[in-house]
Amino acid sequence: MSKKVSVWSDNRFWQRSAAWVTGFAAMLLIWLTFDTMGQIAMGTDEDLTQGVTKRVPGPTVINYKITYEMSDKRGHEVPVIGEKENFFGRDDYSDEEARALLNLGKLGVQAKNCMNCHTLLGNGAYYAPDLTKAWLDPMWDGYIARLGKDSKEEAIAEFLQNPSENPSHERMMPNLGITETEAKGIVAFLKHMSSIDTNGFPRNFGKIQGAIHGK
Amino acid sequence: MASNFAYESKKLGVMYFAVAVALLGAQILFGLVAGIQFVYPSFLFEVLDFNVARMVHINALVVWLLYAMIGSVYYLLPDETGIDTVGIGLGKLGFYILTAAVTVVVLVYILIQTGPANHTTLWLIQEGREYIEAPRWADIGIVVVVLVFLSNVYLTAMKGERTGILTVLMADLLALAGLYLAGMFYTENISIDQYWWWWVIHLWVEATWEVFVAAIIGWALIKTIGANRQIVEMWLWIEVAMLFGSGILGIGHHYFWIGTPEYWWEIGALFSALEPVPLVAMFVHVMYDWGKEAGIKKGAGEKPMMNNTPAFMWFVGSAFGNFIGAGVWGFFHTLPQMNIYTHGSQFTAAHGHLAFFGAFAMAMIAMFYMAVQGSSGKKDLKMTFNTKMGFILLCLGVVGMAVALTIAGYGQVMVERAQMGATWEGYFVSQYSHWFKQAMGWRLAMGVVTLVGFLYIVYDLLTINKAKINTEQGE
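One line per chain: the protein sequences are V and X, in this order. The first sequence runs 658 to 872 under my numbering. The second sequence runs 1074 to 1548 under my numbering.
Simulated from the structure, these hints should not be mistaken for lab results. Treat the hints with care, since some could be wrong.
Unchecked claim - Covered stretches of chain X (chain V as the covering partner; in silico rule of three or more C-beta atoms under 8 Å from a C-beta of chain V):
1) 1195-1208
2) 1298-1310
3) 1324-1330
C-beta atoms are modelled at their ideal positions from N, C-alpha and C, and glycine is treated no differently.
One chain only, chain X, in its complex shape (with noise of 0.2 Å):
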């Protein structure tokens, strides 16, 4: 990739996108393996059990969006402050320092696997916590990384501009980085170890992560279609107040079951159904401020202003895909009334590929193409063939892999569930019932869709630049 940047800091995020689209190619290659083992059991059994496949596959996830995160930041942090960031020789040996951690915990992952009901293993191999199953030196090494990070975004910030964009990502990273020390315990009463590992995963998802993508939509308004700052920054505190104010709460609603008291019911349901309204409002935002942009240049006499249509494209969709797949999907099973009998199935799953996907991957891939017009120092990108195919077969795939999901859910729901009492045996009458079978066969030939659509997005990252229509142009 040529490399026209001015600023340092725009390097180092195209080095962090550069991993993360690794990642994603791995969290759809293990994804895979374990979508298989649901329809071929025996496939890779004892070999690459379906707990390892798994776990590479939700902490590639994990792991590719922090590094399209960081990386998002990295690269807007110039145009933001004016200045090129301050420690920026420290953040590249940052950059080092956490890929060669990621390989060795991915290669442990693998190779070793599991240990001994031990202190090591939790710290040398897997700590066995969902999400947050990285070892504990690995931790460390993570929250050393992040607080290099962390000041490097603080210092660049004091140092050059304070937009009110910055402000915002600079309380929000810090909150981020913060509540990851709350999984950073070993306890053996089981409920406690949930409640405080629901703070760093539901305050990450469903508070953090939720401000940080309002904050990049924020920013890449003003970039591609040249939205009035003062606009999108109100908008933005707006949507701070609503996500933070709904979702901080909302945790209640992964406290109906784990020992925790009733009272989460009422928290919970309350504050749960009130978390698809900012993604609501981000939505309608997108679009309000794309119409009114447009139409003031018209009304000039003006060719309204678009300069990234890929970018765009894929801005657009993360806004809709978040309230679909967070808000609908999410809203679906959150009342304790449902969720008694979803908590736990294929429901989940299908809620969890649907919001990760509408809410983070799509605004992440939309600053790849970001930063692949930036690296080209094109004023204008434009969508290709290849561009177009990529996101409808990712679209397609991962739509398709929530709907089949949903209707295994469904079906499980009823039989496991409401039929048989959530026994071991009604679970496997559910997971052999020829609806649940099916939907899975349907959610593997989804996942091989996705697979493509990422093939078709990672040839057109790397040659979009050099295409026809992007080559006529002049520069």
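Just chain V, with the same shape it has in the complex (with noise of 0.2 Å):
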């Protein structure tokens, strides 16, 4: 080997510096995912009856009402389970029944491929809109008219098995063979999803109407 000048031009040092780094990053990924991992397990049904807030809640929150609201402690919006409300004409979901229908709706968002074109939480394609809060989105209000529904699930149910007959704008979305029973997984899936607690993303969602195109 060559003479050893110094500890800065040796080899051997950055070598042991490196693997030194990349251990500690490592090691503290690993420590932090154990963390994340406890904070974003899925809630219980137990948790929504006695009130306790849970970043992911259980599936029974279609169950219940949700609401997108700012949290003055928190400094952004935060998701609110509130009284119980229908969902397909009931409200007494069990825990198996609900985790049933989140897990079909799940599935299904994944063979349907949505995510080449929506985002999901933000993550995902940006040829249409993002699905984080889509179940408290305001336009469905107008599609529960158009569509002659009695409930928003519904419209959304009936959106999904034929999108492009039902189109919002020229870029429509593709008919993708959804069944009955599979949208009403789906847009089981869309409320749960949207009682995520994601940090106030996105922000101000549905509050402000646009200055150039002020309603």
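Take the two lone chains, each set in its own frame, and fit them into one complex as the hints suggest.
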């Protein structure tokens, strides 16, 4: 080996430094992963009945009204789980029933490749609107009337089954062969996703009517 | 392509490169389809919808880069170890299996597209998770082929000489392969889903892939300009420390808004703000070594060594493009204060195009030129008119797309996010604003420029050895 002049030009020193830095960063990531996994594990039905706030609530959150409100304490909007609310005519889904619906919806969202047009929690493609708070979107009010439905969930389910017959804009959602059962699952998935605490993303959702298109 | 290779490993490397070039072509074509759909939404509607075009576009990207990376390792392995790759027969079998699997996966994407909401769809058609849509059967196939590749690298390095560059590659490839496993499970919890999904995507492109190109560029400096190995390897270790030191915890910038706790704001902001530092260092190192080696030779009254100008141009371009695309365009929107508005907008697409091109595509195109030189056995490869046209048009096309998408992203963020509050209606008001539409037109035009640049490069790779400038000099 060449004569060592200084530690700063010694390959062994830098090799060891690289190993230590990488090891330290990896250990810190793994430690934080354990903490995060605990915090984003799905809550239970009991949490909901007792009003315990979870970052990712349990599947039975579909039995409740969800809103997205400014929290003065946290300085941004947070999902608020309110009173009982009907979902496809019922507000008493058991944990198993709700979980099965949510699971079907998640499988549907993956099987229909939603993420390569839409974003979910802001991740995906940018050809169609973000779905993070899609359950709360004011656009559905118009669709309830347009599709002649009694509730938001029924309007969404109908839209999902026949999207290109009920477009909102020139850029349409294609028909993906979503069945009635699958649509119900996907609506449950969307409602559940809107209850996830996303640290205030998206900001100002549905609160501001733009000045240029002021209505 | 005439083959003058003394090692079977180099031939296998070239086989991987050939498929990589074909997949790059597919990436550009399907990108154009998606680009056209932004401007003319009825184009191929309910035939080849945006989600399918875009899935093939980004999967072709990931797979061609992986092909080029595996090819690069097989190509440089004999140079580093001094021997031919140990399990070359198994390596070739792996190549054919992988290529057959990729073909089937792409055909299923295009012809079957989606399936019913059950696990069979995820196992046989696609998984609906951006970048790693490959169905589960293909995941398992990929793992098997990668295990063959890894064992080849390890066994060859153990039998032959193990250099510093090879040591870095061995550790890096093990991490790269292992991380793929984090993307191979199903959960109904979307937050947990995306948490592990980023372990694959982020820890690939912003950690292990970056270290990979740093090692490749180090090897190339030794090969093309005769840089001093000891200094190259010292820099490489410093690079590894900085890239992993910032990149591993930089994953926090993906954990701002997916349901994960607030402490990721600080961790993600701090470490991802540090991510450009090693990229600056990489560029400085390349330029420094170039000047230093030339200076030493000139001082001794000799001609500076430079035996492959096309490859070297692409390597220098990559070192700079990595800094601009990944470093600057990434830093634009990495802080949570900014990211709450830009997350999931065309800003992300702008950064994605420029970073993948600058950091990885340019370095891998450089490797194609290294292989072209090797296949002819020429001591010296000089660039032709077509080399320059390919470089200029491809750079212009991709930078043009990135600038157009940045402008589109700016309009989108101001109108949809800041003004309208990110609703369905807000989204479309931004998408139909004049500035956004104009930018999407420019993006499409620049996509066509990219395609023309790609055609120049393919033509040049096939003909550069026979070009006048490279035949006059003799062997």
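Results of checking the hints against the structure:
1. Requiring three or more residues with a Cβ within less than 8 Å of a Cβ of chain V, the coverage given for the stretch 1195-1208 of chain X holds, as 8 such residues are present.
2. Counting residues of the stretch 1298-1310 of chain X whose beta carbon lies closer than 8 Å to any beta carbon of chain V gives 4, which reaches the threshold of three, so the coverage claim holds.
3. Counting residues of the stretch 1324-1330 of chain X whose C-beta sits closer than 8 Å to any C-beta of chain V gives 5, which meets the bar of three, so the coverage hint holds.
No hint from the list above goes unmet by this structure.
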